[in-house]
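Protein chains in written order, with the working numbering: chain U, 1 to 179; chain F, 180 to 358.
If you are wondering where the hints come from, they were derived from the structure by calculation, not from laboratory data.
Some clues are possibly wrong.
[Stated by the list, open to error] Below, a sample of chain U positions facing chain F; criterion: calculated Cβ distance under 8 Å:
| hint | residue |
| --- | --- |
| 1 | H17 |
| 2 | V21 |
| 3 | A24 |
| 4 | F65 |
| 5 | R67 |
| 6 | Y82 |
| 7 | T84 |
| 8 | N123 |
| 9 | V126 |
| 10 | A138 |
| 11 | P165 |
[To be verified] Below, computed lysine to any residue pairings styled on SDA-like, alpha-carbon distance capped at 20 Å:
| hint | chain 1 | residue 1 | chain 2 | residue 2 |
| --- | --- | --- | --- | --- |
| 12 | U | K152 | U | E172 |
| 13 | F | K347 | U | R114 |
| 14 | F | K290 | U | V162 |
| 15 | U | K169 | F | P292 |
| 16 | U | K152 | F | P309 |
| 17 | F | K347 | U | T84 |
| 18 | F | K249 | U | D121 |
| 19 | F | K332 | U | K168 |
| 20 | F | K271 | U | G167 |
| 21 | F | K290 | U | S97 |
| 22 | U | K168 | F | D300 |
| 23 | U | K70 | F | V291 |
| 24 | F | K347 | U | D121 |
| 25 | F | K347 | U | G5 |
| 26 | U | K152 | F | A264 |
| 27 | U | K168 | F | R345 |
Beta carbons: idealized from backbone N, C-alpha and C, even for Gly.
There are 2 protein chains.
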Amino acid sequence: VLRIGHRLVRDDRVTTHSALVSRAFGAEAIYMTGVDISVRQTLESVGKRWGGQFRVELINDWKAFARQWKNEGGRVVHLTMYGTALSSGISKLNCKSNAGRNVLVIIGAEKVPREAYDLADYNISVGNQPHSEIAALAVFLDRLFSGAELSKKFGGAALRIVPSPRGKKVREAPRKSIN
Amino acid sequence: VLRIGHRLVRDDRVTTHSALVSRAFGAEAIYMTGVDISVRQTLESVGKRWGGQFRVELINDWKAFARQWKNEGGRVVHLTMYGTALSSGISKLNCKSNAGRNVLVIIGAEKVPREAYDLADYNISVGNQPHSEIAALAVFLDRLFSGAELSKKFGGAALRIVPSPRGKKVREAPRKSIN
Numbered sequence: 001v002l003r004i005g006h007r008l009v010r011d012d013r014v015t016t017h018s019a020l021v022s023r024a025f026g027a028e029a030i031y032m033t034g035v036d037i038s039v040r041q042t043l044e045s046v047g048k049r050w051g052g053q054f055r056v057e058l059i060n061d062w063k064a065f066a067r068q069w070k071n072e073g074g075r076v077v078h079l080t081m082y083g084t085a086l087s088s089g090i091s092k093l094n095c096k097s098n099a100g101r102n103v104l105v106i107i108g109a110e111k112v113p114r115e116a117y118d119l120a121d122y123n124i125s126v127g128n129q130p131h132s133e134i135a136a137l138a139v140f141l142d143r144l145f146s147g148a149e150l151s152k153k154f155g156g157a158a159l160r161i162v163p164s165p166r167g168k169k170v171r172e173a174p175r176k177s178i179n
Numbered sequence: 180v181l182r183i184g185h186r187l188v189r190d191d192r193v194t195t196h197s198a199l200v201s202r203a204f205g206a207e208a209i210y211m212t213g214v215d216i217s218v219r220q221t222l223e224s225v226g227k228r229w230g231g232q233f234r235v236e237l238i239n240d241w242k243a244f245a246r247q248w249k250n251e252g253g254r255v256v257h258l259t260m261y262g263t264a265l266s267s268g269i270s271k272l273n274c275k276s277n278a279g280r281n282v283l284v285i286i287g288a289e290k291v292p293r294e295a296y297d298l299a300d301y302n303i304s305v306g307n308q309p310h311s312e313i314a315a316l317a318v319f320l321d322r323l324f325s326g327a328e329l330s331k332k333f334g335g336a337a338l339r340i341v342p343s344p345r346g347k348k349v350r351e352a353p354r355k356s357i358n
């Protein structure tokens with residue numbers, strides 16, 4: 001996931017949500033240009049407790065980054081309310097000629113520069129109504145992974161939830177023996 | 180949708196996203212206990228431009244509200260990372276004996292009081308990892324409506340997007356004639 005256009009302070013919680021969603025819905029990393037350090041700290045703390053290898057990476061030049069992604073054979077998707085329908089986008093991404101190509105998903109804050117539309121292989125809309133890049137990302141990844149992301153295992157977790165119809169059940173991982 | 184536990188200022192944008200997602204993903208209204216007036220204004224402005232009849236309602240007592248919902252034959256779902264799997268929850272909600280019953284979806288900020296777990300007919304998790312109530316709501320509604328919500332028509336819109344593979348195409352509705 002590549003998040004562009006973060007505005008300090010105002011977007012802090014929205015950026016944290018975007019990063020948490022990226023992790024929980026099966027992405028390997030989120031790349032950002034300039035962001036409050038607290039976002040990274042939150043994700044590190046979540047990783048320690050809940051496991052997995054998710055990465056928060058700061059980058060300087062998102063256009064160069066996206067171009068390199070494509071040069072290395074990856075696909076670039078830009079989520080925008082102006083794009084084409086989600087269902088047909090997912091079909092294209094999961095078709096044979098795209099199989100095994102890494103997908104970079106671009107999400108932005110309110111105003112996204114024109115270059116994102118041009119750089120993307122696919123401009124995809126999760127509905128054509130204004131809503132939330134957090135929601136768009138979640139639904140996109142849910143469809144891309146056909147729901148399998150929701151049962152992804154996060155290795156090395158200190159805590160694990162036991163799904164429960166009522167209340168909270170959490171298991172702690174056995175501590176490593178000293179021997 | 181019922182959003183509980185809003186904290187002034189800090190949660191403002193997250194609450195706005197929750198409301199926008201509720202509208203865009205087919206909910207009829209969002210009910211909130213105390214919220215910055217800007218959330219309501221944003222949704223009114225979106226409604227004027229993009230159409231539909233979505234409502235932002237302030238309520239005093241969310242527990243009484245949820246109880247009444249149940250007394251009138253509706254179902255209450257609480258989205259929580261501690262709940263049971265989304266797929267089985269959706270099956271239960273869409274089964275014959277629940278058909279046509281209005282669904283109230285409770286989402287909360289970080290700490291949700293115990294009563295939400297007890298009042299809910301179903302405590303459902305969208306994955307058992309920490310992420311975002313905005314994402315959980317979007318994916319829940321997307322599954323509940325089987326994706327049909329993304330092509331919902333919003334009546335009376337001043338603007339309508341023409342889905343486009345590149346760039347932004349927006350149509351203005353013809354203005355009403357004066358005669």
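These are the hints, each one checked on the structure:
Because the smallest distance between the Cβ of H17 (chain U) and any Cβ of chain F comes to about 4 Å, under 8 Å, the interface hint for this residue holds. Interface hint status for V21 (chain U): upheld, as the beta-carbon distance to the closest one in chain F is roughly 5 Å, under 8 Å. With its C-beta approaching chain F no nearer than about 4 Å, A24 (chain U) sits inside the 8 Å limit, and its interface hint holds. The restraint placing F65 (chain U) at the interface with chain F is violated, with a minimum CB-CB distance near 20 Å, outside the 8 Å limit.
For R67 (chain U), the interface hint is violated, the least distance from its beta-carbon to any beta-carbon of chain F being 17 Å, above 8 Å. The beta carbon of Y82 (chain U) is positioned within 8 Å of a beta carbon in chain F (closest approach about 4 Å), and the interface hint is therefore held. Because the smallest distance between the Cβ of T84 (chain U) and any Cβ of chain F comes to about 5 Å, under 8 Å, the interface hint for this residue holds. At its closest, the beta carbon of N123 (chain U) sits 6 Å from a beta carbon of chain F; the interface hint therefore holds under the 8 Å criterion.
Below 8 Å, beta-carbon pairs count as interface contacts, and V126 (chain U) has one with chain F at about 7 Å; its hint therefore holds. Checking A138 (chain U) against chain F by beta carbon gives a least distance of about 4 Å; that is within 8 Å, so the hint holds. Nearest Cβ of chain F to the Cβ of P165 (chain U): about 5 Å, under the 8 Å cut. The hint holds. Using a Cα cut-off of 20 Å, the hinted pair K152 (chain U) and E172 (chain U) holds, with the two alpha carbons roughly 18 Å apart.
Between the alpha carbons of K347 (chain F) and R114 (chain U) the distance comes to roughly 10 Å, so the proposed pair stays at or under 20 Å and holds. Distance restraint check for K290 (chain F) and V162 (chain U): the Cα-Cα separation of roughly 19 Å lies within the 20 Å cut-off, and the hinted pair is therefore satisfied. Between K169 (chain U) and P292 (chain F), the direct Cα distance comes to roughly 15 Å. Compliance with the 20 Å bound is thereby established for this hinted pair. For a cut-off of 20 Å, the pair hint linking K152 (chain U) to P309 (chain F) stands: about 13 Å separates their Cα positions.
A threshold of 20 Å between alpha carbons decides the hint, and for K347 (chain F) with T84 (chain U) the separation of about 11 Å falls inside it, so the pair holds. Between K249 (chain F) and D121 (chain U) the CA atoms are separated by roughly 47 Å; this puts the pair beyond 20 Å, and the hint is violated. Distance hint between K332 (chain F) and K168 (chain U) is unfulfilled; the C-alpha atoms sit about 39 Å from each other, more than 20 Å. Between K271 (chain F) and G167 (chain U), the direct Cα distance comes to roughly 19 Å. Compliance with the 20 Å bound is thereby established for this hinted pair.
Between the alpha carbons of K290 (chain F) and S97 (chain U) the distance comes to roughly 45 Å, so the proposed pair goes past 20 Å and is violated. With a C-alpha separation of about 15 Å, the suggested pair K168 (chain U) and D300 (chain F) falls inside the 20 Å cut-off, and the hint holds. For a cut-off of 20 Å, the pair hint linking K70 (chain U) to V291 (chain F) is broken: about 43 Å separates their Cα positions. Only pairs whose Cα atoms come within 20 Å are accepted, and K347 (chain F) paired with D121 (chain U) is accepted, the gap being roughly 15 Å.
For the hint linking K347 (chain F) to G5 (chain U), the alpha-carbon distance of about 18 Å falls within 20 Å, and the restraint holds. Our distance criterion of 20 Å between C-alpha atoms is met by K152 (chain U) and A264 (chain F), whose separation comes to about 13 Å. Proximity of K168 (chain U) to R345 (chain F) is assessed by CA-CA distance (about 46 Å); at most 20 Å being required, the pair is judged violated.
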